[in-house]
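Colleague: The lines below spell out each chain.
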Amino acid sequence: MMDTVILPLTGGVLIGLASAMVMIWNGRIAGISGIVEGVISPRFADDKPVDFMWKTWFLVGLIVMGGILLIVRPESFPTTMPRSTVAIAIAGLLVGFGTRLGSGCTSGHGVCGMSRFSTRSIVATLTFMATGGITVAMIRHLLGGSV
Amino acid sequence: MSTRINNKESTNKQAQYAVSFVAGLIFSLGLGISGMTLPEKVIGFLDVTGDWDGSLAFVMGGAVVVYAIAYRMVIKMERPRYAVKFHIPRRKDIDARLLVGAGLFGVGWGLGGFCPGPALVSLSAGFAGVWDIVIFVAFMMIGMWLFRIVDGILSKTP
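Protein chains in written order, with my numbering: chain P, 38 to 184; chain H, 104 to 261.
These aren't lab readings, by the way, just hints derived from the structure by calculation. All C-beta atoms in this analysis are idealised placements derived from N, C-alpha and C, irrespective of residue type, glycine included. Where hints are given, some of them may not hold.
[As the list claims (entries may be wrong)] Chain H regions said to be covered by chain P (calculated; three or more residues, Cβ under 8 angstroms):
no.: 1; region: 125-136
no.: 2; region: 139-153
no.: 3; region: 163-169
no.: 4; region: 203-215
[What the hints assert, rightly or not] Some but not every residue of chain P turned toward chain H, in silico, with C-beta under 8 angstroms:
no.: 5; residue: 42
no.: 6; residue: 69
no.: 7; residue: 77
no.: 8; residue: 79
no.: 9; residue: 85
no.: 10; residue: 103
no.: 11; residue: 124
no.: 12; residue: 128
no.: 13; residue: 147
no.: 14; residue: 151
[Said to hold, decoys possible] Subject to a maximum C-alpha distance of 16 angstroms in a straight line, what follows is the list of computed EDC-like cross-link-like pairs (lysine to aspartate or glutamate):
no.: 15; chain 1: H; residue 1: 144; chain 2: P; residue 2: 88
no.: 16; chain 1: H; residue 1: 188; chain 2: P; residue 2: 88
no.: 17; chain 1: H; residue 1: 195; chain 2: P; residue 2: 88
no.: 18; chain 1: H; residue 1: 116; chain 2: P; residue 2: 40
Whole structure, please, built from the sequences with the hints as guidance.
Modeller: The structure is reproduced here in structure tokens:
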């Protein structure tokens, strides 16, 4: 019950609250892939430094709490990855490229976009859930579960 | 009090950065306790034809409900507390970029078990010895840079 309902639900509520803070106070969508891209490859288009800086501070918060969690709740993290290093590298490339081509990831489309009933976000979320499911199924049934 | 708001004065950068930092902390805590930072569990959630673990549906469910309530407040607000205006995407068209991009992202998500947020939250564990997490984040950034190069070429061709 704790691990299957209460913690996932509490975690989700915290994610929703954090995203809501960013919208209500800063007027921005808390989409992680866009935030990362804005920090590592800033466009410097409209409101240059402010855009770069809020995104940087958000990422700092994300990474700092990751460090705190590693100390106080190490079971939050994997001790080994379920795939080979080559598969992990390819996965990283696809996630980075795909989220930017599709203008969002699980947070921007999945949380912020779906909550606004954005058609684009609903279509994107259904698409990445579907291809994610197909990928896992193919690895399980065609490749024997390991890549 | 004057009803005309000077844009420069109404934008509080320091407050925006503080909000972003605190939001990053809370977002990260949420991901960490939810199970989203465990790739094995995420793969289990996507494994609908196998040993399905549906618990992560509560993560998106909880987040969507809270954000949807907050968004009802947002549409009644004139502008955000610390910024000049709301930056909300207004596009409605479903184009090839959206579909192909989301499709590729899903393949990467199913392959690695990480989406961008959880990977970044897990960076500490990566540097503490699970180096594949660091590799994932590094290649995710390379993927984003690659997109910018491809995007630059695509937008130049008529």
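Colleague: Which of the numbered hints above does this structure break?
Modeller: 8, 9, 15, 17 and 18
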